[in-house]
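There are 4 protein chains.
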Amino acid sequence: MSPADDGAEALIDVEVRYAETDQMGVVHHANYLVWFELARTRLCSQTGHHYSEIEQMGYQLLVTGARLDYRRGARYGDTVRVACTLERLSSRGLSFAYRVHRGETLLVRGGTDHVWVDVAKGRACRIPERLEQPFASILNGG
Amino acid sequence: MSPADDGAEALIDVEVRYAETDQMGVVHHANYLVWFELARTRLCSQTGHHYSEIEQMGYQLLVTGARLDYRRGARYGDTVRVACTLERLSSRGLSFAYRVHRGETLLVRGGTDHVWVDVAKGRACRIPERLEQPFASILNGG
Amino acid sequence: MSPADDGAEALIDVEVRYAETDQMGVVHHANYLVWFELARTRLCSQTGHHYSEIEQMGYQLLVTGARLDYRRGARYGDTVRVACTLERLSSRGLSFAYRVHRGETLLVRGGTDHVWVDVAKGRACRIPERLEQPFASILNGG
Amino acid sequence: MSPADDGAEALIDVEVRYAETDQMGVVHHANYLVWFELARTRLCSQTGHHYSEIEQMGYQLLVTGARLDYRRGARYGDTVRVACTLERLSSRGLSFAYRVHRGETLLVRGGTDHVWVDVAKGRACRIPERLEQPFASILNGG
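Protein chains in written order, with the numbering used here: chain F, 2 to 143; chain V, 2 to 143; chain R, 2 to 143; chain P, 2 to 143.
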């Protein structure tokens with residue numbers, strides 16, 4: 002992966018599922034959010050804490066916003082590569098950026114915003130102290 | 002609906018969603034299980050307890066089996082009718098039957114089996130006492 | 002609905018499906034795009050042409066962009082109301098806006114951008130002539 | 002893989018997606034049909050013809066039946082292994098069997114039945130001649 006002082010990037014290969022296509026013959030546009038999440042899971046695990054472990058600590062990264070820019074559609078038979086980077090990190094939230102490629106062709110770009118939630122209290126919170134350094138280490142261009 | 006001594010039937014109308022189609026131009030076969038569940042929710046609510054309320058009591062109806070028999074495919078633009086009945090009721094589990102029609106045409110038939118789970122104990126249990134009579138009242142041909 | 006010179010608004014009621022929830026206990030964020038599409042289908046049908054009919058004419062409204070702003074999560078047991086309006090209409094594309102409410106509470110806002118595609122030619126095209134007036138009639142605040 | 006005279010088996014590893022969980026905290030039961038399909042795609046490709054290529058030849062393998070037997074639930078954080086074998090092959094249809102394991106633990110078993118469809122004619126047909134030998138070669142225990 003990238004050198005540590007440039008932050009990290011998660012790359013996953015996703016084989017398109019037949020169920021993900023629609024009658025237009027391409028992947029339905031909502032599925033890219035699911036692929037983004039799969040790449041985000043991979044990036045988060047590069048902090049040393051799988052996201053399921055973060056939930057077990059009592060925290061969640063609630064999605065507050067999402068943006069998608071669709072250039073070309075993925076098709077059944079394709080294996081696409083999804084890249085995820087951490088673009089913004091503040092005391093209360095963070096933002097990820099995503100790119101989906103088929104070979105050299107950019108298919109979709111996007112971003113998601115998240116806030117930390119303390120599950121027991123049921124409200125937004127600061128980033129848990131023990132996760133500060135791990136998430137700072139994956140911040141892109143940090 | 003059916004007379005009380007014949008049990009109950011839930012009927013719901015479902016407008017096919019574009020996202021539910023696949024590149025074959027019909028509804029992807031996994032979605033019928035989701036429609037079955039929507040009709041099962043409606044039937045359960047006829048016991049006087051919405052399924053979300055049953056979960057809040059600390060119980061779940063875990064799916065242990067499913068069968069689907071596909072005759073014809075639903076298409077985007079269709080509104081289909083999904084019927085659900087309670088076919089079997091024992092002390093520890095129950096089975097539902099489903100039929101999906103487009104007008105007079107039968108599209109899909111199916112069934113699901115479930116066991117009661119005590120969520121706190123994390124294991125199978127008998128039907129909660131206060132739910133015995135309500136579920137008996139919706140048993141088909143009871 | 003709204004008076005014709007204010008354009009039109011489609012309103013649909015969606016009962017949350019159990020399958021739409023995730024382990025966070027709320028509706029997974031990708032499903033809102035599916036609900037948006039369901040409301041968009043309803044709005045398009047107010048032109049007098051169901052979207053499936055538009056596809057049969059040989060045209061598609063390809064999604065080129067999407068934005069979602071999540072305020073609160075819908076839950077199993079909820080029936081939410083999704084509103085869709087046509088915000089922008091040009092010779093080659095259009096944009097829709099969406100709001101999801103549970104009662105008076107705004108849950109999610111969003112928007113999608115689309116271009117017309119001539120399916121036979123496999124490329125972007127101008128709005129089909131016979132659809133110009135119908136779509137102008139549903140333009141919001143037109 | 003298995004020796005040729007024992008037929009073939011496709012094995013795929015699937016990382017559970019957050020979106021595949023439901024509020025019960027396990028993978029929603031409809032998703033196993035999607036995973037089955039992903040393993041079926043892999044097995045079909047062992048005939049030397051990816052299923053997308055078969056569709057391009059003008060044929061489809063329509064799903065006519067499905068059975069699922071759920072033992073234990075997969076969870077977010079799990080990577081499960083899905084195995085698919087061809088259990089039955091006749092002139093007009095075929096049946097696949099599936100097993101989903103997490104490590105040594107069997108989670109779900111199932112089966113699906115399919116018939117060949119000639120897309121242009123819009124009706125069931127015999128197996129295309131050029132696919133007879135390839136599919137016979139992957140028949141389990143053939």
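Do not rely on the hints blindly, as some may be mistaken.
Claimed, not checked - Chain P is faced by these chain F residues, among others (derived, beta-carbon under 8 Å):
1. 14
2. 16
3. 18
4. 20
5. 35
6. 50
7. 77
8. 132
9. 134
10. 135
11. 136
12. 138
Hints were generated in silico from the structure; no laboratory data involved. These figures come from a predicted structure and were not determined experimentally. Glycine included, each C-beta is placed from N, C-alpha and C at the ideal position.
Under 8 Å is the threshold here; is the Cβ of residue 135/F close enough to any Cβ of chain P for the hint to stand? 17 Å, violated
Using Cβ atoms only, decide whether residue 35/F comes closer than 8 Å to chain P, and label the hint accordingly. This interface hint holds because 5 Å falls under the 8 Å limit.
Once the shortest beta carbon distance from residue 20/F to chain P is found, is it less than 8 Å? Hint on residue 20/F: holds, closest Cβ of chain P at ~5 Å, below 8 Å.
Given residue 16/F was flagged as interface, is its beta-carbon under 8 Å from a beta-carbon of chain P? At 7 Å from the nearest chain P Cβ, residue 16/F passes the 8 Å test, so the hint holds.
Does the closest beta carbon of chain P sit nearer than 8 Å to the beta carbon of residue 136/F? Cβ of residue 136/F sits 18 Å from chain P, so the hint is violated.
Proposed interface contact between residue 132/F and chain P, which counts if any beta carbon pair is under 8 Å: 17 Å, violated
Min Cβ distance, residue 18/F to chain P: is it shorter than 8 Å? 6 Å, holds
Once the shortest beta carbon distance from residue 138/F to chain P is found, is it less than 8 Å? The hint is violated - residue 138/F has no Cβ within 8 Å of chain P, the shortest such distance being about 21 Å.
Should the hint that residue 14/F touches chain P count as held when the rule is a Cβ pair under 8 Å? Violated, about 11 Å.
Could you check if residue 134/F really has its C-beta closer than 8 Å to a C-beta on chain P? 23 Å, violated
Tell me if residue 77/F is really an interface residue toward chain P, meaning its C-beta lies closer than 8 Å to one of theirs. 5 Å, holds
Minimum Cβ distance from residue 50/F to chain P below 8 Å? Not OK, violated: residue 50/F not within 8 Å of chain P, min 11 Å.
Hint compliance for this structure: hints 1, 6, 8, 9, 10, 11, 12 are not met, and every other hint is.
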